[in-house]
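**Student:** Starting from the known structure of chain Y, fit chains F, E and A onto it as the hints suggest.
Protein chains: 4
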Amino acid sequence: MFGKIALEECWTIQEELANNDPGKFVAAGTGSRLTNELLDIHGTRLKQMDENNVDFMVLSFNSPGCQGISDKSQAEAQATLANDRMEAEVMKAPNRFAAFAALSMHDPAQAAAELRRCMTEKKGFVGVLLNDYQSCGEDGNGMLYYDQPEYDVFWQAANDLEAPLMWDGRPWLDFSALGYADRLNMHILGIVTNGVLDRFPKVKLIFGHMGEHIPYDIYRIDHKLDRSRFPNMPMRKDKLVRDYFGEQLFITTSGHFSTPALMCAMGEVGVQSIMFSIDYPFESIPNACAWWDEHVSASINQHDYTNMGRNNVLKIIPRLTEEPHNLKVMTPQECRVGGLAANQGEVCYGLYNKSWNKREIKIVPS
Amino acid sequence: MFGKIALEECWTIQEELANNDPGKFVAAGTGSRLTNELLDIHGTRLKQMDENNVDFMVLSFNSPGCQGISDKSQAEAQATLANDRMEAEVMKAPNRFAAFAALSMHDPAQAAAELRRCMTEKKGFVGVLLNDYQSCGEDGNGMLYYDQPEYDVFWQAANDLEAPLMWDGRPWLDFSALGYADRLNMHILGIVTNGVLDRFPKVKLIFGHMGEHIPYDIYRIDHKLDRSRFPNMPMRKDKLVRDYFGEQLFITTSGHFSTPALMCAMGEVGVQSIMFSIDYPFESIPNACAWWDEHVSASINQHDYTNMGRNNVLKIIPRLTEEPHNLKVMTPQECRVGGLAANQGEVCYGLYNKSWNKREIKIVPS
Amino acid sequence: MFGKIALEECWTIQEELANNDPGKFVAAGTGSRLTNELLDIHGTRLKQMDENNVDFMVLSFNSPGCQGISDKSQAEAQATLANDRMEAEVMKAPNRFAAFAALSMHDPAQAAAELRRCMTEKKGFVGVLLNDYQSCGEDGNGMLYYDQPEYDVFWQAANDLEAPLMWDGRPWLDFSALGYADRLNMHILGIVTNGVLDRFPKVKLIFGHMGEHIPYDIYRIDHKLDRSRFPNMPMRKDKLVRDYFGEQLFITTSGHFSTPALMCAMGEVGVQSIMFSIDYPFESIPNACAWWDEHVSASINQHDYTNMGRNNVLKIIPRLTEEPHNLKVMTPQECRVGGLAANQGEVCYGLYNKSWNKREIKIVPS
Amino acid sequence: MFGKIALEECWTIQEELANNDPGKFVAAGTGSRLTNELLDIHGTRLKQMDENNVDFMVLSFNSPGCQGISDKSQAEAQATLANDRMEAEVMKAPNRFAAFAALSMHDPAQAAAELRRCMTEKKGFVGVLLNDYQSCGEDGNGMLYYDQPEYDVFWQAANDLEAPLMWDGRPWLDFSALGYADRLNMHILGIVTNGVLDRFPKVKLIFGHMGEHIPYDIYRIDHKLDRSRFPNMPMRKDKLVRDYFGEQLFITTSGHFSTPALMCAMGEVGVQSIMFSIDYPFESIPNACAWWDEHVSASINQHDYTNMGRNNVLKIIPRLTEEPHNLKVMTPQECRVGGLAANQGEVCYGLYNKSWNKREIKIVPS
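Chains as they are written, first to last, in numbering that gives the first Met the number 0: chain Y, 0 to 365; chain F, 0 to 365; chain E, 0 to 365; chain A, 0 to 365.
By construction, these hints were calculated from the structure, which means they are not laboratory data.
Don't take each hint at face value.
Unchecked claim - Reference excerpt, derived from the structure (chain E facing chain F, CB under 10 Å, subset only): (1) Phe-256; (2) Thr-258; (3) Pro-259; (4) Ala-297.
Positions of the beta carbon are idealized from the N, C-alpha and C atoms, including for glycine.
Only chain Y is shown next, with the shape it has when bound in the complex (with noise of 0.2 Å):
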């Protein structure tokens, strides 16, 4: 598919490696291939999207970033220089990169003046990506969730400069196979609990992963919450979670190329709720498209298709479709889906070419 968009894609800066190099974590011999790729961005990185027809990405400080220190100013620096790093890489080629603002979350005054600095000031930024929980205390073990109510000046500001907020799952004691998504999941289903989103209307949030597993759960979740009714949920009454989606909840399939999740999710929580995505460099470029360009493809209607690998993005993150992006829609034929239609005059054999050596592209009409 000609035209996608992925927005969960990581970056960082050399003075963050500290901190935290991935690299130290994954099997041997990838370490720094992967430390380089974060590093990475009008390289590597432009050329396979330019290979695999990824139009643009909307770049995150890489997780745990900011929400992994646990010094309130350290963090509070960390968030500044990478915000401003940010806009200088993104400005390069604003046509193909936008950025989501890092923060640090110990503060939630802060964290709001941080935010509105980069939604204003600066150019690149289309919204805001939180790793989860903010690690805090002496020894770092401590760990602020932002569903209370002291954190109301923050979802203030992201409610009135429109900011959709991105969440990534961070480390703890386990494992990105599952155990992120089940701590992520429960934050997320506090904020909407909580009743943040119906202080907040205009506020977003979006998840990767096909949803942290929210949309195959979303029935038990309802069920559940609804025949318990607790008397002092802040939620809303008249409104189950799965209410929230396609308003204020969105996802994304970063590092989850199921179709039969896919499904489930267009099922449960709908079209209008799921967008692309990638999650490189922890996922490679060109089998997350191949995924999506070869089997998703085969799996779903154009119109879903193209919304969901384009289109849908451009209605949550409206900035997008503004100046410096101007990103715009496009048709299901424009972005070459719908069927190979061979020349005329030539024969198509489906999924290959005529020598059955590689895969055909559905040629556009000029």
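**Tutor:** Just chains F, E and A, lined up with the frame of chain Y:
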């Protein structure tokens, strides 16, 4: 689901029963019920619509109608009579009913004129209903198909009047279980491959019974046409049949209450191509609505669900949003879908109320 | 569907209510009903089973049961007491009930001995029920997990006795809407990745709530484990977690009546890994059965449907086919599924009878 | 997937090309390729089978074959000739090929005799291939259908010999995109509703192209037949058409590589009714296998997948498990499905190898 719209719903007049009383062909003992239900609009039909939350019906003159009358003058007179009666009936309750015009298709110019009369001089009409081919000839065995160039004058009128065309199958040597669809789908494909939709880009075709198998076979249809690319086939060379769905081709669920087939249609031609319908009185209103309200609501998300149950119709037939019908788009919550929410202090057991003696309906707070 | 078997169904004894009366934690006014339903077997429970065509239930001691008792001797005594009572109750109607043994998991050897006692000296037992981790320590906050080598003596016994292990979640700081699953799935994964299933190839684990999200995440779990391949992870290097489903890992639908989630589980782990269950009395029997009998039967074919509703259990727990339970495999027609067939001469309207006042059940000719 | 079996694969002989050279009807410049591929068995065909992990093919005499010969004697002679040639070819490599017998259907007794000859005197045959109706009459426009009582002598032979019947569509006024299926499905339904399967319970019908739309329409077919229950319809009154699937009716994926259609067929008629096939050389082997090996494997679980790709055939045509074919059931792991497992110490990137230049195949440890 509150607010459902159904648009493949049959009605007839006493004068037609002499030619065609379908009550004669159904199971013993049920014929007179069927005949009475076809003649009725504001009695049993409306009562059942109310009981089953069907907000609105677009009525069609029962198959084969004028298409079954092989004498040209007689067919034309029947169309005029049926349309005048239909207008009178619809205008008794234009907030609940509209009509598709009946047409004789012997003479394309006359068909165009009658369509123009209905769409401009009358208020209750929003499109056309065609019952497959037009019978003709002395013995009544001739068959006129509308995919040939001499029908362009008719297609031009439908295009200019922006009158969508609803299609129904009809008996020949076969039976509604499968044969009607097998013949109607070839007529539809004939129209598409002969380039009618390309020459008349405002023409929209709607066909029922979950698309007369076309969605299930769309891969093979496109693959075969694409591979062969008959040099003289008039359809645009840069499009596949699939590409017309959601723009000029649409389907309904009438008489085909299968969830796996609906899921397949959603996969192949997309939510934006699909609309709920019943096929009353050949199908029962409560049965169709039980399927839609219970089964389908449990299998797909609330956004796609309310779009297929109501809102898509208003995009595809925008005349329904104007005087005298004035239909409005509804949100999932207005349609009372999206989960079962108990009253405060009450316990919800899911599909049933607390006495387990009736189905729960979601309570919408005022 | 006639002949349904449910296997994640709770029961308790008066002596346990002091430790754990779940009636205290549910919505106001419903606690005593819940407590009474937990204590009952042959009254309301059996009546509702009859009304809803549940042929058979495998009973489990209610969560957290012995796992919630941090004192070793007390937990062991409670297990013995519960098992003796359960045997007595089941043997009153062994054609309708069997039991999973309750165990204290403080001492793996003692757990093995008690399991052996139940499986060899008693007649009503067909496996084990474990409620996640074992609480321990003076303050009750210790947590024992069974994926460590010291539990091999227990796994050896389960393997030799061919006793399948049913798992249920349990409260900690969280709630059944999502938190129980988030913790239990890590315990299950711990057992698998630590190689327990490889060392004990006859061990079968069954977990409810549509697999505690594992099916939805199985792509990501396998992909992450595969990519990292921790050099010291004991699980077989030539297998993925996915490969254990249908052979040593199984799931039930208990308390998770979502059709899209079921479809996803069928896509990822397959029909042969899935069994119907209710989670009574935390879920209502008619509600679970309305979902299964109406929604699910309309979404999947009759062979897979009757296998998941009944026959799979008999393959996974073959002891149920022997004395004193003697359960038999049933065909779709014996389960009265596969379409609605009217009596000769009668008309069928689909889901409803001809008076439209009750659901049709297929008539099976004698 | 290793070990795939395909069973709707065409082959012809030089003597047939005079009557019917399909190479004359395909896109310009591709005719001679098609003709050559039809004539070949052990050359290009076998090479492509090896390259694409197709273990075995059951060959059929190309459509319309003997069904297209309206002269009785000529048709019978052609069948004998074709079967003798087919036996000789298959026995050159019986571990890779078997055959369905070609039959003239002018005279049911003669058809029965020729079938008996193939199934008892020859070694390579495992059933019959029928190309829809038998042409007859002086002008060749007569059509014989086999659902009438005079064909019972043929059905009796097929029943006694336990010879499954493969069906293919054939040209008339229409085209393979949709028309073939529209006519063949009526023939199949004629056989079922006329009670042939009831009178001959060992008869099994197999039809391709994802069931010639019958699975998509099975709800409506059964509903309409059930509602009408023609008093004289010979089919058993206590069964629906749906009930014959998986026992006497089976379908293949030949020439219909649509994942949503496959999912629908799985939903309506079940995995046990479905088998992989290609329709070579009208479809390309690598294209069909790319769909099956990549798309389908990513959409369904490995058990159902290997059953449809191989094992179901061995249950439906058990003769394939005997001399001289000796095919064996294979596990998912033997078929190398169930996830991508890297070699120890290597990193797996999912669908691609570490250089991203070719697809990964799962490595099975020895």
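**Student:** Take the shortest C-beta to C-beta distance between E:Phe-256 and chain F; is it under 10 Å?
**Tutor:** 7 Å, holds
**Student:** Report holds or violated for the interface hint on E:Pro-259, using the least CB-CB distance to chain F and a cut-off of 10 Å.
**Tutor:** OK, holds: E:Pro-259 within 10 Å of chain F, min 6 Å.
**Student:** Hold the hint about E:Ala-297 up to the distance rule: shortest CB distance to chain F must be less than 10 Å.
**Tutor:** With Cβ-Cβ at 5 Å, under 10 Å, it holds.
**Student:** Do the numbers back the hint for E:Thr-258, that is, is its least Cβ distance to chain F under 10 Å?
**Tutor:** Status holds, d = 5 Å.
When held up to the earlier numbered hints, the structure conflicts with none and fits them all.
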